[in-house]
Each structure stands twice: as structure tokens, then as C-alpha cells.
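Asker: Here's the letter readout for the chains.
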Amino acid sequence: MPFADSKGVQLYYEEAGSGFPIVFVHEFAHDMRSWEPQLRYFSRRYRCIAYNGRGYPPSDVPPSAWQYSQAIATDDIANVMRHLGIRKAHIIGCSMGGYATLHFGLRYAGMARSITVIGAGYGSDPDKRAQFLRDTEVMARRFEDLGTPEAIKVYQVGPARVQLQNKDPRAFREFCEEFAGHSALGSANTLRGVQAKRPTIYSLERGLRRMEVPTHIISGDEDNNCLEPGIFIKRACPAARLTVVPGTGHAVNVEEPDLFNRLTDEFLSLVDSGRWRPRDSRAQSKSTKNS
Amino acid sequence: MPYASSNGVRLYYEEAGKGVPIVFVHEFSGDLRSWEPQMRHFSRRYRCIAINARGYPPSDVPAAPSKYSHVIGTDDIANVMRRLGIGKAHVIGCSMGAYATLQFGLRYPGRALSLTAIGAGAGSDPARRAQFLRNRAVMDRLFREQGMKAAAGVLQHAPHRIQLLHKDPRGFREFWVHFVEGSALGHALTLRGIQTRRPTLYSLGDRFARMKVPTHIVVGDEDDGALGPGLFIKRVCPAARLSIVRATGHLVSVEEPDFFNRITEDFLNLVESGRWRPRDPRSLNPSTMARKA
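Chains as they are written, first to last, in the working numbering: chain A, 1 to 291; chain B, 1 to 293.
Hints are supplied without guarantee of correctness; some may be wrong.
Listed next, with one range per pair, are the computed distances between beta-carbon atoms [said to hold, decoys possible]:
(1) B/Ser273 - A/Ser269: 51 to 61 Å
(2) A/Pro58 - B/Glu265: 40 to 50 Å
(3) B/Leu185 - A/Asp272: 27 to 37 Å
(4) B/Glu36 - A/Ala71: 14 to 24 Å
(5) B/Pro58 - A/Arg262: 54 to 64 Å
(6) B/Asp206 - A/Pro278: 32 to 42 Å
Source of the hints: derived by calculation from the structure; they are not laboratory data.
We put the CB at the ideal spot given by N, CA and C, even for glycine.
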């Protein structure tokens, strides 16, 4: 099995296709298998790499929460790329992986040709911050006390997951089965080390205003915690474009693979062709002269 | 030329295709010709009707300001349907027409199979309300005193229209040519009677919360005045779904006809199949976890 070394931690990855590289970064409740519809589609034109984050076997599961953080998760992307001899790639991440992707755009701008950020924003809303931190700690303890299959029962039917259950029960079953196989220790450490400690989207404003990496933000219209953060990024960052997908929850690429692939294909083609442009400064006037 | 009369005012319309009806309601700076890509696409399966609002020739341009209001604009949709013997239709509107479409859903829910509202919400933001009204007053005077070309010239490069110029200069030119062919009097009266007097979308929250007509809100991500209202309707109305379209301004159906047609077709198919459902109440839980496993 292929592994990339990231400062002594072995990260499992899979590869498909050849061409310019795309790196896929999964979310908390998924692993690299959630990118299957993207690997099958984009490998026709791109070299696709999907890897499992630390804490997600077959990747290593470091035993302590301090071995997990937003900064480390972001460095892991760069280290996987270095291991594969990739200097620049399109990066696509979902949720927790979306955060890491956004940070990658901020910290490793020279290594990102574009970034696609799905469903990022959890824990950003100041009014819901306390609840988010409580929920995160409750979940971490559930993983430790109950083991993964029992722990995830309240999470897999959370408010931004029921959409998948309603629209595609087969995909939902697959999601639950794969989630149930995750490491309880890895999940608890990820919750405490990455999710509870990462900076909110709003605190990234200064960096976002200057970031020039072509950026596509994608959220489901029922993923409550990601709507305002998405609009915030769109308004702060001239390089960002925003898509909200109708009747959809958290993992847009899993719920609506067809629409997601099409939107992403179009975005990547625009960037690859050299015709991508940031937002016209005239489109940011406060005045709306007409409607 | 086909006209439908609405309380004595003659409204020009065009028709294409047959099947379940779709009625298209245009925006302030366009007319029914702005729906051409939709008429060509949806007429393959639907009976498509596009209307020119009052004030937009060849429809009548009544000279009395009292003949223009958002209530009258909404009744005009119902009256055209009546004249054509249409009981129920999918209604699709853009901007001012989207506002009328939403009002149609509130006031004539039994006659709407579904609502699609593109770029609705200008003038709703309380922080920018005063500026919105000032702009409208200036524009009203420009239309009256200097005519279509001068007034339209001020609007053509508005922050939420510039996107069309960049991505489709041919489409932009056509938009401009059609716009300046309009009636200056009709535009001035429309501004005064409808745009400055209609209630804001935020003031209609209670009514949207009860509305059960399947609804699709479509907003460009650079249409700043419509983003907040779009989110508001999505959250308050369980029947509403929201699309925000990337790198796009006000006129999503004109700027991104292909993408708009596709997401609209998905939505209409869902409604037509009987499988459309309102929002699952479990998705409103403020926690990231379920209330019960």
C-alpha cells in the first residue's frame, strides 16, 4: 500500500489518472473513499491523488491530540505533494478538509493552482461557538467511551446529513458503514486537536483579502453553519467565487456528485485555460443603482 | 400580435410549446425577449408563456402612476393566465419579476405549481434602504427628463451587471439594445409605483413561513443586494431551496442560461414527478448532532 511520509506520520494515498495533479482532502466523517465519484471522473484528464488524513487508517493514528492541528493538517497536504514530486496542484477539500484547503491557499499559495472548498465554516458563527465546542467535546468523549459504531449514531443523522439520507439512501448507507470503521482514537484526537482549536473563518479576513489563488467555495443551502462563512469569503476575497447548491446538506460532492463534478470541471478548465479572472472591482461598489 | 387584457390594460405575450404551462415574468431593465434561451429550451416539454409587463411596449403604457404597483404587477400574472385558460402554472421571474413571482405564491398559491425567483431582494436591506430609495428617485427623474439612453446608460455598468459584460459581450450588447428600446415613461412609472413602494422581503417573513408552494430562489454570488434576502427566505420558508451561482451578477438566466436551465429543469422535474418535499425539520437543529439517534 502506498504511503507518504509527513514528519514521521505515514499517510495512505491512492492515485488515478495522469496529467496536471488534483489533491483531494476528505472531511471528518469521511475518508478518501468519499472521493470515488471524483476520482473516476477527473482521472480522465487529471492526475488525481486522494489520501487519508492522520488518524484515519490505513494512515497512522498518532496517539496524542497535540499531534493533530489545523496547521499540521495543512502541512500534511504539502508533504503528500512533496512525497509525490508535485510542485503545484488543484486542491479540493470538504468540510474539515475544506478548512485545510483554505489554509493551504493562504500558507502555500505558490503550490496551489486553485482551491475548491466544500462546506467549510463549522464553529465560525460567534453565536453558536459555545455550542459547537460543547458538541465537539461531547462527540470526542462518545468516541472514547462508546467506540465508533455507537458514537456516530447521533452524528450521522445530524442536521446537515439527513439530506443525503432522504435523497440517496444507498449512498447514506455506504457513508454510515465507512464512518463506523473509523478509528475511535483518531476521531477523538481529530475533534480535539483540529476541530475545536482551528481559527474561525472570520478570523482569516486579513489573509483572505490578499489571497490571489483562484478559489471556489461550495455549500449546501441547508448547511446552516457554512452559508454566512461562504458569503463572507466571497465578499472578502476577490479571488473567490461562491456556489450554493439547492436542497443540499454538508458533503456536496457526495450528495450531488454530478452537479459538483460539472461545476468543478468548469472551474478547473477556466483556471487551466488562463482565462480565470478575479472579481471586477466595479462589481464591489456599495451602490446598487438598479435591479 | 397576441395581447391579454388585465383590468383594461393590454399586455403583450408570446407563447411556445405545449404541455404544463410555465409563465415567465421579466425584470426592470429587460422585457420578454430576455427569456429567449428559456423559451427555446423549455418549450420542448412545456407550454411557455412570456409576458411584457405594463409599461413595456408592445404592452400598454398607462400614463397614470396609480396604474403601477406590486399588487397590480402580481394580478397581471393571474389575469394573463385567466385569459389563456391556464389554471395552474410554474412561474419563473427575474428581479422585479421575481418579486412579483414570490407575491404570486403568497397571494395565489392555488394557481402556482412552483415558483422560481431569480435575483429578488433589491431594496430589502435596512442598512441600504435609504440609499436604494435615493437611487430610485434619481433614476425616475433621469428617465423622465433625459430619456431611455441617458438613464439606461447609468444603469448598464451597475455592480451586478458588469459580470455579463465580461463573460458574454454579445449578450451584454443585446441586453443594452433591448433596454434602450423601452419606454422612458413606462420605466419611470415602474420605478415609482413598484420598486419604491413594495414591501421588503424581510417584512414578509411570517407569510413565507406558511407558504407551501415549491420554491427555488436563485441568486448570483455578486448580486450583493439579493444574497441576504435569499438566505432569509431559505431559512424562513420550508418550501424554499436556494441556489447561489458562482461569479455571477443579477441576471442569472441571461448570464448563465445553460446552468440556469439545467438547475431549473432539475427543480421542475422534481416537482412534476411528485417527489418534491419541503425541508426536513431535522435539518433545522442548531447542534451538529441529531436530537435523537
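Asker: With reference to the structure, classify each hint as holding or not holding.
Answerer: Evaluated hints:
1. Under the hint 51 to 61 Å, the C-beta atoms of B/Ser273 and A/Ser269, about 32 Å apart, miss the expected range.
2. The hinted range of 40 to 50 Å is satisfied by A/Pro58 and B/Glu265, whose Cβ atoms lie roughly 42 Å apart.
3. The hinted window of 27 to 37 Å between B/Leu185 and A/Asp272 is violated, with their beta carbons roughly 50 Å apart.
4. Distance hint check for B/Glu36 and A/Ala71: the Cβ-Cβ separation is about 52 Å, which falls outside the suggested range of 14 to 24 Å.
5. As the Cβ distance of B/Pro58 to A/Arg262 is approximately 39 Å, the hint placing it in 54 to 64 Å is violated.
6. The hinted range of 32 to 42 Å is satisfied by B/Asp206 and A/Pro278, whose Cβ atoms lie roughly 40 Å apart.
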